[in-house]
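Chains A and B, in that order, are what the protein sequence lines are.
Heads up: the first sequence runs through residues 127 to 234, numbered per the numbering used here.
Heads up: the second sequence runs through residues 6 to 116, numbered per the numbering used here.
Honestly, the hints are just simulated from the structure, not real lab data.
Keep in mind that a hint or two might mislead.
[As the list claims (entries may be wrong)] Calculated pairs, BS3-like style, for lysine-lysine (alpha carbon to alpha carbon, straight line, at most 25 Å):
#1 K189/A <-> K205/A
#2 K168/A <-> K99/B
#3 K195/A <-> K185/A
#4 K99/B <-> K189/A
#5 K99/B <-> K185/A
#6 K168/A <-> K183/A
#7 K183/A <-> K205/A
#8 K226/A <-> K195/A
#9 K183/A <-> K99/B
#10 K185/A <-> K168/A
#11 K185/A <-> K205/A
#12 K226/A <-> K194/A
#13 K194/A <-> K205/A
#14 K168/A <-> K205/A
#15 K226/A <-> K99/B
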Amino acid sequence: EDQVTQSPEALRLQEGESSSLNCSYTVSGLRGLFWYRQDPGKGPEFLFTLYSAGEEKEKERLKATLTKKESFLHITAPKPEDSATYLCADQAGTALIFGKGTTLSVSS
Amino acid sequence: SQTIHQWPATLVQPVGSPLSLECTVEGTSNPNLYWYRQAAGRGLQLLFYSVGIGQISSEVPQNLSASRPQDRQFILSSKKLLLSDSGFYLCARKLGPGELFFGEGSRLTVL
Numbered sequence: 127e128d129q130v131t132q133s134p135e136a137l138r139l140q141e142g143e144s145s146s147l148n149c150s151y152t153v154s155g156l157r158g159l160f161w162y163r164q165d166p167g168k169g170p171e172f173l174f175t176l177y178s179a180g181e182e183k184e185k186e187r188l189k190a191t192l193t194k195k196e197s198f199l200h201i202t203a204p205k206p207e208d209s210a211t212y213l214c215a216d217q218a219g220t221a222l223i224f225g226k227g228t229t230l231s232v233s234s
Numbered sequence: 006s007q008t009i010h011q012w013p014a015t016l017v018q019p020v021g022s023p024l025s026l027e028c029t030v031e032g033t034s035n036p037n038l039y040w041y042r043q044a045a046g047r048g049l050q051l052l053f054y055s056v057g058i059g060q061i062s063s064e065v066p067q068n069l070s071a072s073r074p075q076d077r078q079f080i081l082s083s084k085k086l087l088l089s090d091s092g093f094y095l096c097a098r099k100l101g102p103g104e105l106f107f108g109e110g111s112r113l114t115v116l
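The task is simple: from the sequences and hints, build the whole structure.
If you want it as structure tokens, here you go:
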């Protein structure tokens with residue numbers, strides 16, 4: 127069964143304390159790995175697409191990387207406004223299979 | 006600009022009652038539309054998708070149904086709600102491979 131597993135489930139950081147979120151996938155024939163950000167009570171917002179191992183994408187304090195079996199979302203010097211749930215997803219047929227997400231809390 | 010309207014934003018319904026959630030998309034024609042559900046402790050689950058008027062594909066068996074009566078309108082319905090139907094329902098349109106634009110969602114509590 128196709129699966130996407132994210133870890134940790136929750137992460138608390140101090141402002142400026144860098145860290146990484148993990149996304150492991152088991153979908154055969156990967157057709158892309160996608161990262162989203164979701165604020166409480168809102169719909170997810172698209173961040174990045176990664177297609178091949180070694181690929182990297184950056185946006186402000188976020189950098190997403192991809193290997194053959196997992197993806198990382200690196201957060202450098204986070205700020206309180208980076209607090210959100212980060213979801214990863216991969217493509218399986220017509221559907222996006224989402225992980226349960228990592229809830230990030232950044233305190234000042 | 007892209008806008009997806011979902012309503013109602015919040016509703017509380019008794020078990021066994023009917024349901025109708027509406028999604029209207031602005032700023033595009035013939036969009037691919039999706040209904041996702043996010044339940045407590047679970048990831049986003051794809052319920053239905055539609056590539057055009059009257060064309061609905063179901064991803065999971067359930068007591069829910071979907072309809073697309075107009076190009077920019079997508080409706081999620083149920084004749085009799087179950088407790089397990091509680092969750093956050095999100096309508097989305099496809100912008101590109103793996104890229105979805107989501108609406109603000111409808112939060113359903115079934116009591």
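Here is how each hint holds up against the structure:
1. K189/A <-> K205/A: 15 Å, holds
2. K168/A <-> K99/B: 17 Å, holds
3. K195/A <-> K185/A: The given pair, whose Cα atoms are some 22 Å apart, holds under the 25 Å limit.
4. K99/B <-> K189/A: Satisfied, since the Cα-Cα distance of roughly 23 Å is no more than 25 Å.
5. K99/B <-> K185/A: 21 Å, holds
6. K168/A <-> K183/A: 24 Å, holds
7. K183/A <-> K205/A: With a Cα-Cα distance of about 19 Å, the restraint between K183/A and K205/A holds, given a limit of 25 Å.
8. K226/A <-> K195/A: 17 Å, holds
9. K183/A <-> K99/B: The hint holds at about 21 Å.
10. K185/A <-> K168/A: 20 Å, holds
11. K185/A <-> K205/A: 14 Å, holds
12. K226/A <-> K194/A: At roughly 20 Å apart (the allowed maximum being 25 Å), K194/A and K226/A satisfy the hint.
13. K194/A <-> K205/A: 30 Å, violated
14. K168/A <-> K205/A: Holds: K168/A and K205/A sit about 20 Å apart, inside 25 Å.
15. K226/A <-> K99/B: Answer holds: K226/A to K99/B is near 21 Å, not above 25 Å.
Hint 13 alone, counting from the list given before, is not met by this structure.
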